[in-house]
Each structure stands twice: as C-alpha cells, then as structure tokens.
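From first to last, the protein sequence lines stand for chains A and B.
Quick note on numbering: the numbering used here labels position 132 of the first sequence as 132, and the sequence is numbered without any gaps.
Quick note on numbering: the numbering used here labels position 92 of the second sequence as 325, and the sequence is numbered without any gaps.
One should not assume that every hint holds.
PhoX-like mimics (lysine-lysine), calculated; alpha carbons at most 25 Å apart, straight line [claimed, not checked]:
1) B/346 to A/90
2) A/94 to B/282
3) B/282 to A/178
4) A/93 to A/178
5) A/178 to B/346
6) B/346 to A/93
7) A/176 to A/93
8) A/90 to A/28
9) A/94 to A/176
10) A/120 to A/178
11) A/90 to A/178
12) A/83 to A/94
13) A/90 to B/348
14) A/178 to A/94
15) B/321 to A/120
16) A/176 to B/346
17) A/93 to B/348
18) B/282 to A/90
19) B/321 to A/176
20) A/83 to B/346
21) A/94 to B/348
22) A/93 to A/83
Sample of chain A residues with no beta-carbon within 10 Å of chain B, all distances over it, derived [as the list claims (entries may be wrong)]:
23) 31
24) 32
25) 52
26) 56
27) 82
28) 104
29) 121
30) 140
31) 145
32) 195
33) 201
34) 202
35) 203
If you are wondering where the hints come from, they were derived from the structure by calculation, not from laboratory data.
What you are looking at is a predicted structure, and each value in this text was computed from that prediction instead of being measured.
Just so you know, even glycine gets a beta-carbon here, dropped at the ideal spot from N, CA and C.
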Amino acid sequence: MSITFGNTLLSIVATALTYLFGLRIYRKSNQKSWLNPLYTVTLLLFLLLPFLHMDVKSYEKGSKIFSLLLQTGIVSLAIPIYKQFPLIRKNIKKITVGIVSGGMAGIASSVAFAFLLGLKGEVVASLLPKTATLPVALSVSSSLGGTAPLTILFVLISALFSLIVGPHVLDGCNIKSKTARGLAMGISAQALGANRSFQWGEEEGAMGSVGMTTTAILVSVTIPMGMLFIAYL
Amino acid sequence: MLRFIGQFVIILATLAAGNALSSFFHLPVPGSILGMFLLFLGLLTGVVKLRWVEGVANSHLRHMTLLFIPPVVGLFLNWGAVHIQLWKVLLVLSLSSLCILLGTGYSVELYEKRKRRRNE
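Use the sequences and the hints to build the structure in full.
Next up, the structure:
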C-alpha cells in the first residue's frame, strides 16, 4: 500500500515539476511552437524516469489521477462554448454546413482508408475521433475500445499536418471565405489551427475556435450513437 | 485558494452528475461530455453564474497539456510493444486531414455563394 502511494506521489511530483520547467522554457523562448511543453516535457521525463527507478507500469499506475483531471477538463470546455454562443447562434447554418461536411468527411475517409490498408480494430478506434479536440477524442476513443497513447499520437500528428499543410491547401484551392478558412483550420487542427487562423484576422480566429468546439460536440455525440446503431443492426 | 477549490467542486459535481446520467440511462455518450452539456445548460439558463466557474475552468484549459504528457511518455517507454504500421497510419492521417480541410472549405464557400446569389 505504502509503495503504491509513494509511487503515485513520485509520478505526480516528477510530472508536475518537469511540466513547470518545460513551461518556463516555453515562455522564455517567446512561445516558439517547437518548444511546446508537450515535446520538451515528454523528452525530459523519458530521460529522467529510469533514474527514478520507475518502469512503465508503475509510472502509468501512478499517473492515473491525470485521467480524472482530463474529465473535469472536458466539463470545463462548456465555458468557451458558452462564451462563443452568440457567435455560434448568429452563424448557425454556415457552421453546421461546415462542421457536418468536414467532420463527416474526416470520419468517413478515416474508415475508408483504414479499411483499404487493412488496419486493426484497436487502431481504427483510436483513429476515428481524431477531429475532436484531444480530451474529447480520448474519452470517445476509450469508449470505442481505442487506446489513449495511440489516440494522442494520431490527434497530434493530424493536427501538426493540418497546421503546416492547411494554409497552403486553402490558398491553392482558392478558398477565400473567412468563415471557411477559420472553420477548416479549427476542425482539422483544433487548438493549433484556431491559433493559426487568428493570425489571418479576428473573424477567422473566432471561427477557428468555434470550429474546434462544435466539432468536439459533433464527434462526441455522433460516433457513440453511430456505434450503437451499427451494433443494433 | 478557497474560491478556487469551490469552483473546482462545482465542476466536479457536474462531472459526477454527467457520469450518473450516463450510467443510469445506459447512454452511449461519455459522462464527461454530458457534464459539459449540463454545465453549458446551467450557464445558459442562469442557474450557474459564469464567475462561479470561469477562473478555474480557464486555468484548467490552459494547462491541459500537462494531462497529455503521462500517456505519451507511457507510449514511448512502451514503444516495443506497439504494433502499428507507421507508414499506413501516416497515410490515413494525412489523407483524411486533406478531406477535412477541403470538405469544410468548399462546403462553406459554396453555401456562402448560393446565399449571396439568392440575396441579389
């Protein structure tokens, strides 16, 4: 019992302290995107944990508390959604058109390509909710039988890809509408994309964050319902 | 500090209510997401005031990254046991990201064009 407790404490303290250190570096560097705490802190912990005599199992056990905080994090998303509500209501049709076609294109294409390439069920389950913002994607994927690490990896890879390629694709295809550009970035690259679209302007940026939050809602409701429907058939 | 804890208790209570709803009615939607809807409805109807939860929610969302670190570290420490074909996954991820970008971009642009034509 006391060993488990000590392990939990050590995992939390090590993770939190390394995070604070990583955050300091990030802020000192004027928030360079490649110094994002997610990369630096992961690398540091990866190097540090063997010295603390921690193996994977005890670290994963010890850091369980973070998954509770992930759930309260999802609940907290209600606050930005509430603040954006007037904007959402004003543009409800446009936004619905955008997130439904974007979100469905994302889910349908993932299923189709995954099926063509013969990916396994666990991988597909972690792949499906990737257009939702990370905490929501995690909770949907775990209810489908996906794994947390794979889901995080997939969400991050597709967000980075969309962040880098997105603006070129939108320019190349001559998509000029501010709403279209903001929504596309917010849906495909979530927080990173919303941030990027703020560089284009206020309207694009607002649409970027609206795209991110509304897609999270769409994914979190339609995927579990769809699965239930398929199971019923 | 006390105010912070009080705000967090409200969020925790909403989460508990969401989880209870989800398991009681056997809903497919995760409890945390139902909790988000409950809190949103609470704010919309004025049952919950924004200033009761805003502080803790904002700092919570700002430090969300911290929560993703343990699983990613676990993934790398455990990389040998992960059997995914990386090139296939990368192909699926990039193709479907392109579909999302184009699907959203073209549909919204088309919608705006049609609306403008109708107004003229």
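Going through the hints against the structure:
no. : hint           : verdict
1   : B/346 to A/90  : holds (18 Å)
2   : A/94 to B/282  : violated (29 Å)
3   : B/282 to A/178 : violated (33 Å)
4   : A/93 to A/178  : holds (15 Å)
5   : A/178 to B/346 : holds (13 Å)
6   : B/346 to A/93  : holds (14 Å)
7   : A/176 to A/93  : holds (18 Å)
8   : A/90 to A/28   : violated (39 Å)
9   : A/94 to A/176  : holds (15 Å)
10  : A/120 to A/178 : violated (38 Å)
11  : A/90 to A/178  : holds (15 Å)
12  : A/83 to A/94   : holds (19 Å)
13  : A/90 to B/348  : holds (15 Å)
14  : A/178 to A/94  : holds (12 Å)
15  : B/321 to A/120 : holds (11 Å)
16  : A/176 to B/346 : holds (11 Å)
17  : A/93 to B/348  : holds (11 Å)
18  : B/282 to A/90  : holds (23 Å)
19  : B/321 to A/176 : violated (32 Å)
20  : A/83 to B/346  : violated (29 Å)
21  : A/94 to B/348  : holds (10 Å)
22  : A/93 to A/83   : holds (19 Å)
23  : 31             : holds (12 Å)
24  : 32             : holds (15 Å)
25  : 52             : holds (12 Å)
26  : 56             : violated (4 Å)
27  : 82             : violated (4 Å)
28  : 104            : violated (7 Å)
29  : 121            : holds (12 Å)
30  : 140            : violated (7 Å)
31  : 145            : holds (13 Å)
32  : 195            : holds (13 Å)
33  : 201            : holds (16 Å)
34  : 202            : holds (18 Å)
35  : 203            : holds (13 Å)
Hints 2, 3, 8, 10, 19, 20, 26, 27, 28 and 30 from the list above are not met by this structure, while the remaining hints are.
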